[in-house]
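Q: Listed here are the chains, written in short residue letters.
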Amino acid sequence: MLDEDKLKQVVADVLAADVASIGPDFSMDTVEQWDSLRHMTLVLAIEDSFGISIPDEEAANITSWPLIRLVVEEQLAQG
Amino acid sequence: MTLSPETRALLGDGRTPIAGLMKALAAAEVELAAAPEVVIGLSANVTIDLLGLFLRREAALAGLRARIVMGNYDDPIGDVERFAAAGVQRVVLLPFLDNVQPAFEAQAATRSLEERDALEDELRSRYRLALAAGRRFTSIHVGLYHRFGESSLPDGQDAVADTVEQLNTMLRAEAAPHANVQLIDVGRSVTAVGREAAFDRRFYYRAKAPYAAALLSDLARRLAAGTRGFGTRFLKALVLDCDNTLWGGVIGEDLIDGIRLDPFDYPGNVFWRVQQAIAALERQGVLLCLCTKNNPADVADVMARHPHMVLREEQIVARRVNWADKVSNLVALGEELNIGLDSMVFLDDSAVEVEAVRARLPQVTVYQVPAQLTDYPAVLDEIARLFLGAGARAESQSKTEQYRLRAAASEAKASFATHEEYLASLGLEAALHRNRPSEAPRIAELSQKSNQFNLTTRRYTQGEVEQLMAAPDADIFSITVRNRFGEAGLTGVITVRYEGDRAVIENFLMSCRVLGQGVEFAIWSRLADHLAERGVAAIEADYHPTAKNAQVADFYDRLGLGRADDSGAGTRYSHPVAGLTPPASSWVKVTDA
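Those sequence lines, one after another, are chains A and B.
For the first sequence, this note's numbering gives the first residue as 1, with consecutive numbering after it.
For the second sequence, this note's numbering gives the first residue as 1001, with consecutive numbering after it.
Don't take every hint at face value.
Keeping only pairs whose Cα atoms sit at most 30 Å apart, straight-line, the calculated DSS-like set for lysine-lysine is [said to hold, decoys possible]: (1) B/1589 to B/1449; (2) B/1449 to A/8; (3) B/1023 to A/8; (4) B/1293 to B/1208; (5) A/6 to B/1589; (6) B/1023 to B/1293.
Quick caveat, the hints were computed from the structure, so don't treat them as lab data.
Predicted, not measured: the structure shown is a model, and the values here were computed from it.
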């Protein structure tokens, strides 16, 4: 089971964003500080916190909250 | 101004996840809002931004705020320029072999030796320019080349290994002339965290970011050790307990034949190994002291007679072997050696002693012999990293001998009727040198290290020292001291800037090793002669108070200079060159060598 609050907290900590602002519209396009460098850190931080390894393609593509949520859920289910 | 224990615990724990680390760092940097800032520039031919996060962690643990300035992609020469403009103090240059050219390691086998040599020449000229332009930085840390992939050959000696060797030989040669350049073996971090955990192929092939968090975290820790916590600490002495620390058992109960120190038998072999490691530290300039609750005769007996004892009397510079509490004994040792508590590491097996010291002398770095004895050698490795992380300096290697002479001299003190008589017996000679470039590294080192006898605490890099020596309107005088027991070496520096017919003493500093012998006064007559020869009419000098230099607050008063201005942050003094009469110190023979 995905602990959504924990995932939101990780995203918020890495992107220096407000947890409350994380929702369906939260994406690389709408969050100014979410650049490609931060994105790498974000992927590493998520992997680190959930003990998962996000595959190559997904790592590059999880550029919004709904996608992050989906991929992390998938990975947890596989683990 | 200091970190809360919770924040410190989060930052210090290597298992804190990245998100938690970022959050803890944000908190730490608020707590450290008033702390000094260290500005670090990162330059590489790959993306290493995450290293900045871990360097900020290390800085916070050392009580500093780090500001990270990222360089451009693969432009060390341009980066050095930009860093200087951005106020950077320390630079990290990380070349990643496989990205020197695209898939460089894969190309290695098909490239001719001529091509490899040409590439070496090109990299050499780049480093030469970057390092020469970087002389003003406090430190430049250059990563040694290391491989990304593994060799397929059984002996590992493939073309990549040859290339790594060739380029690292080049780096060593280019680094050697620069006192502020330190090489760092990134390959060791790869080994430490494991090749699988060290690299992240996803981000390397997609975004030229080959290093994974685990590697950068380890590297940041090594960089912090290599700068002695970004210049916040300078450890000098290792203070040792005896029973169950240097040997197994209690000498007062087990007696000399019962203590465990046999190199061929457990647990003696653990203690013996630890003593070897301690002896190695001593050889590299660490001062060893004893602070132990024993009968002095018992300890002396073990040191003199035990067949497996590695450490001997002459390796110990000072000792407190008595039944008094260790806190007072540590304070006394600091006073005897004239070193601060923050430059001491204390090692003891007793949780009670360790706790007492930790609680009452938080400046002292404290280690306890681990309950699991087989972990003990690893603790010594950690202690060695603290002392040697920044490299052992050749000039520091005979320190123990120097301190021992000082301690021996202070013991002899008691037998003279007057202090002057004693000083006269020392046969003190001080030589005043002017602008000797060969002394620049030691002068820079002394100016970085000395805190207590330092009138303005203006510090100099080797490059600055060399510049001042060459400048027409400045001079750097050094003071070399010897006595009949031996050489104390270069122990004092006076920097002078000339403004018209005035000589402004920009700084005067001395190593505490030779204080109290009158040298600090004796050399001024000779200096005045130099200044008069140059046509200087008046001396001006400043005292700037710091947290550590109170002992010289009235130095220029005692020297006989007049107070000219008390209004600023410090005190300005002045005096005509003619008629400067320092306090008598006829027992010091001053020479121009």
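Q: Confirm or reject each hint.
A: Evaluated hints:
1. Distance hint between residue 1589 of chain B and residue 1449 of chain B is fulfilled; the C-alpha atoms sit about 27 Å from each other, no more than 30 Å.
2. With a CA separation close to 47 Å, the supplied pair residue 1449 of chain B and residue 8 of chain A exceeds the 30 Å bound.
3. Distance check on the hinted pair: residue 1023 of chain B and residue 8 of chain A sit about 13 Å apart at the alpha-carbon level, within 30 Å; holds.
4. Distance hint between residue 1293 of chain B and residue 1208 of chain B is unfulfilled; the C-alpha atoms sit about 58 Å from each other, more than 30 Å.
5. In summary, the hint linking residue 6 of chain A to residue 1589 of chain B is not supported, as the alpha carbons are separated by about 73 Å, beyond the 30 Å threshold.
6. With a C-alpha separation of about 45 Å, the suggested pair residue 1023 of chain B and residue 1293 of chain B falls outside the 30 Å cut-off, and the hint is violated.
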